[in-house]
Amino acid sequence: MLFELVTPSVQHAFEVVGIFVFAISGALLAVRKNFDVFGMAVLAEATALGGGVFRDLVIGAVPPAAFVDLSYFFTPLVATVLVFFLHPQVERITAAVGVFDAAGLGLFCVEGTVKAHQHGLGLTASVTLGMATAVGGGVLRDVLAHEVPSLLRWDRDLYAVPAIVGSSIAALLLHFDALSGATSALAAVVAFTVRLLAMKYGWRAPRAWNRRSTATEEI
Amino acid sequence: MLFELVTPSVQHAFEVVGIFVFAISGALLAVRKNFDVFGMAVLAEATALGGGVFRDLVIGAVPPAAFVDLSYFFTPLVATVLVFFLHPQVERITAAVGVFDAAGLGLFCVEGTVKAHQHGLGLTASVTLGMATAVGGGVLRDVLAHEVPSLLRWDRDLYAVPAIVGSSIAALLLHFDALSGATSALAAVVAFTVRLLAMKYGWRAPRAWNRRSTATEEI
Amino acid sequence: MLFELVTPSVQHAFEVVGIFVFAISGALLAVRKNFDVFGMAVLAEATALGGGVFRDLVIGAVPPAAFVDLSYFFTPLVATVLVFFLHPQVERITAAVGVFDAAGLGLFCVEGTVKAHQHGLGLTASVTLGMATAVGGGVLRDVLAHEVPSLLRWDRDLYAVPAIVGSSIAALLLHFDALSGATSALAAVVAFTVRLLAMKYGWRAPRAWNRRSTATEEI
Numbered sequence: 001m002l003f004e005l006v007t008p009s010v011q012h013a014f015e016v017v018g019i020f021v022f023a024i025s026g027a028l029l030a031v032r033k034n035f036d037v038f039g040m041a042v043l044a045e046a047t048a049l050g051g052g053v054f055r056d057l058v059i060g061a062v063p064p065a066a067f068v069d070l071s072y073f074f075t076p077l078v079a080t081v082l083v084f085f086l087h088p089q090v091e092r093i094t095a096a097v098g099v100f101d102a103a104g105l106g107l108f109c110v111e112g113t114v115k116a117h118q119h120g121l122g123l124t125a126s127v128t129l130g131m132a133t134a135v136g137g138g139v140l141r142d143v144l145a146h147e148v149p150s151l152l153r154w155d156r157d158l159y160a161v162p163a164i165v166g167s168s169i170a171a172l173l174l175h176f177d178a179l180s181g182a183t184s185a186l187a188a189v190v191a192f193t194v195r196l197l198a199m200k201y202g203w204r205a206p207r208a209w210n211r212r213s214t215a216t217e218e219i
Numbered sequence: 001m002l003f004e005l006v007t008p009s010v011q012h013a014f015e016v017v018g019i020f021v022f023a024i025s026g027a028l029l030a031v032r033k034n035f036d037v038f039g040m041a042v043l044a045e046a047t048a049l050g051g052g053v054f055r056d057l058v059i060g061a062v063p064p065a066a067f068v069d070l071s072y073f074f075t076p077l078v079a080t081v082l083v084f085f086l087h088p089q090v091e092r093i094t095a096a097v098g099v100f101d102a103a104g105l106g107l108f109c110v111e112g113t114v115k116a117h118q119h120g121l122g123l124t125a126s127v128t129l130g131m132a133t134a135v136g137g138g139v140l141r142d143v144l145a146h147e148v149p150s151l152l153r154w155d156r157d158l159y160a161v162p163a164i165v166g167s168s169i170a171a172l173l174l175h176f177d178a179l180s181g182a183t184s185a186l187a188a189v190v191a192f193t194v195r196l197l198a199m200k201y202g203w204r205a206p207r208a209w210n211r212r213s214t215a216t217e218e219i
Numbered sequence: 001m002l003f004e005l006v007t008p009s010v011q012h013a014f015e016v017v018g019i020f021v022f023a024i025s026g027a028l029l030a031v032r033k034n035f036d037v038f039g040m041a042v043l044a045e046a047t048a049l050g051g052g053v054f055r056d057l058v059i060g061a062v063p064p065a066a067f068v069d070l071s072y073f074f075t076p077l078v079a080t081v082l083v084f085f086l087h088p089q090v091e092r093i094t095a096a097v098g099v100f101d102a103a104g105l106g107l108f109c110v111e112g113t114v115k116a117h118q119h120g121l122g123l124t125a126s127v128t129l130g131m132a133t134a135v136g137g138g139v140l141r142d143v144l145a146h147e148v149p150s151l152l153r154w155d156r157d158l159y160a161v162p163a164i165v166g167s168s169i170a171a172l173l174l175h176f177d178a179l180s181g182a183t184s185a186l187a188a189v190v191a192f193t194v195r196l197l198a199m200k201y202g203w204r205a206p207r208a209w210n211r212r213s214t215a216t217e218e219i
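Chains as they are written, first to last, in the working numbering: chain R, 1 to 219; chain H, 1 to 219; chain V, 1 to 219.
The following block holds chain R by itself, in its conformation from the complex (with noise of 0.2 Å):
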């Protein structure tokens, strides 16, 4: 049984920290673009919930788990008052960006696509959605934001690809019926270093075939 394998609690211990962390990216981004104090904390609500909130929705798990638990609801909230008076230098702010997303990066996609699996979803349809649970709230961030989303932009480092592996594994995982707190852990861990292998390497996907086009539109 799964339930046996990874119990409640660490489960969302899990999410705890990845909604926390997510978060804290969110309400950097938010000191960055200048927003006020309830900006950062809409957006690190978004940043932190909404991949989730996407996922519980398609899955049919209504009303999601951020509008259940309070835990999920004010996290974000004290990952906001952290970075309020955390006074970065705009250059720390970018690599402290950088590492808490990749971090949350690796816990989502995992817990998203364990989750979905639990729900009856077939294992292709849950890849997808843990890379959704995963991708999604800083898709969001960014839309909100008014940025264009990092996920798509050619000139970043790769970030779907960290996702899509830790959710593939995951699957792996649950295939193989090897799921347990442990192994779901190294799934998180291997797309977080993927992650952080690609920003510090500067690993990036190609483009479409034969365009060199350096041009990029108002980006």
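Treat the hints as calculated values from the structure; they're not laboratory data.
Worth double-checking, as some hints may not be accurate.
Claimed, not checked - Which chain H residues face chain V? A few, computed with CB under 8 Å, are given here:
hint : residue
1    : V68
2    : F85
3    : L172
Stated by the list, open to error - Here are the computed distance ranges between Cβ atoms for each label pair:
hint : chain 1 : residue 1 : chain 2 : residue 2 : range
4    : V       : H12       : H       : V189      : 25 to 33 Å
5    : R       : L197      : V       : G181      : 50 to 58 Å
6    : H       : V68       : R       : A13       : 38 to 46 Å
7    : H       : S180      : R       : V68       : 26 to 34 Å
8    : V       : K200      : H       : A182      : 35 to 43 Å
Quantities reported herein were computed from a predicted structural model and do not represent experimental measurements.
Glycine included, C-beta positions come from ideal geometry on N, C-alpha and C.
With the hints as your guide, set chains H and V onto chain R.
Chains H and V alone, transformed into the frame defined by chain R:
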């Protein structure tokens, strides 16, 4: 029983008025953005119904009221026709957008909180969804119109706070079983008034501590 | 019985074709925006499935078809691979986007109207959801690609009107119990033709009365 205190017809009239004023705000922004009449209608519908549809999806009230009750759907079209023939001066438009928006804000935050609570959500989640009902349409309006959401901007007067005030009063009324047509109208008027005062006196929320940069990034 | 007139397999083939052409339009926009191959895939999936997922969430058909039927998910990936190796000239891209988009528009507005009605929504709401199915993916595409939605722009040829025409014909066919594979294909072709004519002859919708400003704000 809540049902006896706020009769369906009172709540319905409440909602249609809120939908109308929000739709006006959406259609006016479409005029400012130079959109065509269909763009006006889409923005009017999105502004008026977006927050409520989001709330209904979250609480599992599908199909959302906006797709069941035809008055919800046709009211924004009436607002679109009115705005289409209104020939407003740009200055008059800006002022009108603000006042209509404030009225919708007050009406929707109370209505959203009450409906979320009626569907079994806790008081905190109901306050959140009340706020989301009130501000969600405006955020969707700004995202669709390709603008930075007013809700998030530092250089805009308080917008989230009035909604939080109205939602919280509604939640307190629910908690103390004191909700009636009169008290819920009072909550809406308080939120409306707080928003008008914020506009009149330029009340703003602080940005992150020691954040004194005046540069705003391509907003 | 509707079921006997439009067999599931006919409706399914209908949908896969629509998904493919919409995905082409999304992937081509991603190329124009200089996104990488994952950005192309995300935009292809969002354009192709966004409207249908929205419709399914609204009518309570969860998980949405896009997450159940693998052909819906893999079709946009095929489109992405095709576009990736297509080496298109920029001019050819622009024209192709338009024609493919028009085909998807016609297919989806009919399919969305029929599915919404099958799930018990009224004819007006079904027309609205049919239109939303058809234009929702394109709006999501433009929002994700950080562009002003084509749907709203005054200086773009009629886009909502063809969808409304197709949805309305489908609703009339439903009302008079005359829906069949042939008549629904006809409705789709009419919508497609109206859109092509609008593109060919530059049909546009009016802006607000006496609005003669030529200034477009930072679009």
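Point to revise | Range agreement (Cβ of V/G181 with Cβ of R/L197, hint 50 to 58 Å) | key: 52 Å, holds
**Study point:** Range hint compliance [Cβ, V/H12 to H/V189, 25 to 33 Å]
**Key:** 53 Å, violated
Exercise for review: Determine whether the Cβ-Cβ distance between V/K200 and H/A182 falls within the hinted range of 35 to 43 Å.
Suggested key: 59 Å Cβ-Cβ, so the 35 to 43 Å window is violated.
Check your understanding: Would the stated hint for H/L172 survive a check requiring a Cβ distance to chain V of less than 8 Å?
Key -> 32 Å, violated
Exercise for review: Could you tell me whether the CB distance from H/V68 to R/A13 stays inside 38 to 46 Å?
Suggested key: 40 Å, holds
Check your understanding: Hey, does the H/F85 contact hint survive, CB to chain V under 8 Å?
Key -> 5 Å, holds
Check your understanding: Could one say that the CB atoms of H/S180 and R/V68 fall in the range 26 to 34 Å?
Key -> Cβ of H/S180 to Cβ of R/V68: about 28 Å, so the range 26 to 34 Å holds.
Review point. Against chain V, is H/V68 within 8 Å by beta-carbon distance?
Key: 7 Å, holds
When each numbered hint is compared with the structure, violations occur for hints 3, 4, 8.
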